[in-house]
Amino acid sequence: MHSSGQTLNGSEIFFECLRRENVEYIFGYPGGSLLKVYETLHEVKDIHHILVRHEQGATHMAEGYARATGKPGVVLVTSGPGATNTVTGIANAYMDSSPMVVFTGQVPSSLIGNDAFQEADIVGITRPITKHNFLVKDVRELAITIRKAFFLATTGRPGPVLVDMPKDILNSSCVFDFPETIDIRGFKPTFKCHINQVERAAQKIAKAKRPLLYIGGGVISAEAAEELRTLAIQQNIPVTMTLQGLGAFPGNHPLSMGMLGMHGTYWANQAVNKCDLLIAVGARFDDRVTGKVDTFAPQAYKIHNDIDPTNVDKNIKVDLPIVGDAKNFLATLLEVMPEKKENREPWLAEINVWREQCPLTYSSEDDLLRTEFVIDEVSRQTIGNAVVVTDVGQHQMWTSQFYTFINPRSIITSGGLGTMGFGLPAAIGAAFGIKDRPVVLFCGDGGFMMNVQELVTAVHNKMPVKIFLINNSFLGMVRQWQELFHQEKYSFTDLGDSNPDFVKVAEAFGCKALKAENPESARQAITEALAYNDGPILVDFRVVKKDMVFPMVPAGGSISDMLLARLNPKTMV
Amino acid sequence: MKHIISVLVENKFGSLNRVAAMFSARGFNLESISIGETEDTEISRMTIVTRGEDQIISQVLKQLNRLVDTIKVTDLTRQPHVERELLLMTLKLSKTVQHEIFELITVFKGKVVDIKQKSITIEVIGSPDKINTTIDIFRPYGIKELARSGAVAIHRGE
Chain A
1 MHSSGQTLNG SEIFFECLRR ENVEYIFGYP GGSLLKVYET LHEVKDIHHI
51 LVRHEQGATH MAEGYARATG KPGVVLVTSG PGATNTVTGI ANAYMDSSPM
101 VVFTGQVPSS LIGNDAFQEA DIVGITRPIT KHNFLVKDVR ELAITIRKAF
151 FLATTGRPGP VLVDMPKDIL NSSCVFDFPE TIDIRGFKPT FKCHINQVER
201 AAQKIAKAKR PLLYIGGGVI SAEAAEELRT LAIQQNIPVT MTLQGLGAFP
251 GNHPLSMGML GMHGTYWANQ AVNKCDLLIA VGARFDDRVT GKVDTFAPQA
301 YKIHNDIDPT NVDKNIKVDL PIVGDAKNFL ATLLEVMPEK KENREPWLAE
351 INVWREQCPL TYSSEDDLLR TEFVIDEVSR QTIGNAVVVT DVGQHQMWTS
401 QFYTFINPRS IITSGGLGTM GFGLPAAIGA AFGIKDRPVV LFCGDGGFMM
451 NVQELVTAVH NKMPVKIFLI NNSFLGMVRQ WQELFHQEKY SFTDLGDSNP
501 DFVKVAEAFG CKALKAENPE SARQAITEAL AYNDGPILVD FRVVKKDMVF
551 PMVPAGGSIS DMLLARLNPK TMV
Chain B
574 MKHIISVLVE NKFGSLNRVA AMFSARGFNL ESISIGETED TEISRMTIVT
624 RGEDQIISQV LKQLNRLVDT IKVTDLTRQP HVERELLLMT LKLSKTVQHE
674 IFELITVFKG KVVDIKQKSI TIEVIGSPDK INTTIDIFRP YGIKELARSG
724 AVAIHRGE
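Chains A and B, in that order, give the protein sequences. For the first sequence, position 3 (counting from the first letter as 1) is numbered 3 according to my numbering, and the numbering increases by one without interruption. My numbering runs 573 ahead of the 1-based position in the second sequence.
Calculated from the structure, these hints are not laboratory results. The reader is advised that the hints may include incorrect statements.
Calculated pairs, DSS-like style, for lysine-lysine (alpha carbon to alpha carbon, straight line, at most 25 Å) [stated by the list, open to error]:
#, chain 1, residue 1, chain 2, residue 2
1, A, LYS192, B, LYS691
2, A, LYS317, B, LYS575
3, A, LYS302, B, LYS585
4, A, LYS204, A, LYS341
5, A, LYS209, A, LYS274
6, A, LYS317, B, LYS691
7, A, LYS340, A, LYS207
8, A, LYS204, A, LYS317
9, B, LYS635, A, LYS188
10, A, LYS302, A, LYS317
11, B, LYS682, B, LYS717
12, B, LYS691, B, LYS717
13, A, LYS137, B, LYS585
14, A, LYS209, A, LYS302
15, A, LYS545, A, LYS504
16, A, LYS340, A, LYS317
17, B, LYS645, A, LYS188
18, B, LYS665, B, LYS645
19, B, LYS665, B, LYS585
20, A, LYS317, A, LYS207
21, A, LYS192, B, LYS645
22, A, LYS71, A, LYS188
23, A, LYS515, A, LYS546
24, B, LYS703, B, LYS575
25, A, LYS515, A, LYS545
26, A, LYS512, A, LYS435
27, A, LYS188, B, LYS585
One side only, chain B facing chain A, incomplete, derived with CB under 8 Å [as the list claims (entries may be wrong)]:
#, residue
28, ASN590
29, ALA593
30, ARG639
31, VAL641
32, ASP642
33, GLN652
34, PRO653
35, ARG657
36, LEU661
Ideal Cβ positions, reconstructed from N, Cα and C, are used throughout, including at glycine.
I would like the entire structure built from these sequences, with the hints used as guidance.
Shown next, in the form of structure tokens:
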């Protein structure tokens, strides 16, 4: 460890700064413009570099790590193609507000703009998908830029920040000076909620007969689950969560309504429809939640707390906006809540009627293997204690419905961008961050192939990730839309003829693999996989091809348009 | 409705791009944008003219504020302010209309900045509305080329 005041080269400064930011892991891939950094890295023992097999994998791993731990994920890639390969992962972290710092090598300053070998204007390319980004033009600016990057990525609404480092900057030297404090005049997020607004919210809550808490990922990133639980239980208010908010409130508590929105529960969506007060915390009224905005929560007075003012009144006009940190909002609310509250039992009873009318179910009469069964069984066997990572598609929605999330930071999923290929690397990243809980991945056969190369990273590092491959030989969610809205024209979604043998694929990578084709063998495989900790294990679950996720609110539809079951039962398996 | 927004930004490469790219990425209308250094060389002032309903304008202001390089965002529309735009315009010149053109230049408080056998270049300064009118009035005489600076604006002093 070097100290301030010493003369260091850019690469040494880079690692000194990372040390001071308490970075444990770098997910990276070397290349020409980073040779000096990797030369220095050769001697670095206290920061672990994880070699990925594709730069996109590095970004999703960093995000998986960040979401599991709350700490920023760190990526290191070379210029040009190394940098452009990170674009999807950065966009994903931006949409889901995950803290991440991406370091890219760049061609030497004198060559920038000359179409040099492995040159790409990555700062230009990533401007709209980063919270902020930097090109370092002087080695004396490197330390403060890195300090700013971590500060921006983790302060206020978290997000990805990119730092582009030309090769000559990493080679040249200066006196190392690490700034302990940082002030960016254009970046002053509001943490403390306006007390008058919170008091107004408290009055509204006290008087509401049919209140509903609508909770997003902001509650998890603000570490506010404890305050939420106290408020909901103390005030007897039911809680519905977005995909990213699952786990903010225990899914096994009677007040938990599960997820709302397109594939949300019938009762959560009915409650949104009928509530007289909607309290949105750390959620952004995404189109997958609201459906048709004109008919969303039509009877409700709407309170919206968010750290990012741009989220307020963006999709839905709210009655009481409260900008600030979710933890601050909920804690302050608890302090100012009046003693007296409305009797909420009739409201909860009404919700229970909906719950009984249309529960989440799946057929278990035949001996066919269904995704819902697999997820349900994993939920039972892990007692809701796993860190669950998903890819994107039907299995993702079924995970939201059938895995009972008890704790925050238990679901890691690509919500905003919907990135197929996110799951496997994100699960590996999560496993680096979390050692005392099982890390479980549910992944479709389509998405698995999109970053399959990262199996090497999992095997090489002996990461005990449980890869539960939900294999229906179809791009299932696209197939579902084709069946429902596109005259059953299954255009290019049937992967049955072209999929590889996934057990053999896994084994070729050195990964243990099992296959399950019926509920009984699936149950045994899950038990075996959960007990295996000597590296990753893959289970190829051969599930039925044509199941669909219900309930479903068609895109842009109202909650009253919700489909509860298949329109044409003849298309069942 | 039309809004004129004044934005103080860090005088760094890419600041203008960040603002312009935000407008295009979010589908906001951008009628004009102009930028120049202020009394503090580390800070530039951007003047943005945009149109939209109140809800859209409120988003525009918040999205501008959200950019890390923006230091201060002010919607000048409903505040006392001065707004000016510069027009440079080259017109066809002939003996028959020469007199009329000169009269109109006086009416619009314009200046002749260059004159040739067959053309005349003038400058006019005023509000964007005045500049629009100027262009409409001169159009029948034959505009060879024109350039507008986009609006710049500032708060009226106390």
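Run through the hints listed earlier and report the numbers of any the structure violates, in increasing order. Numbers 1, 3, 6, 16, 18, 19, 29, 33, 34, 35 and 36, in rising order.
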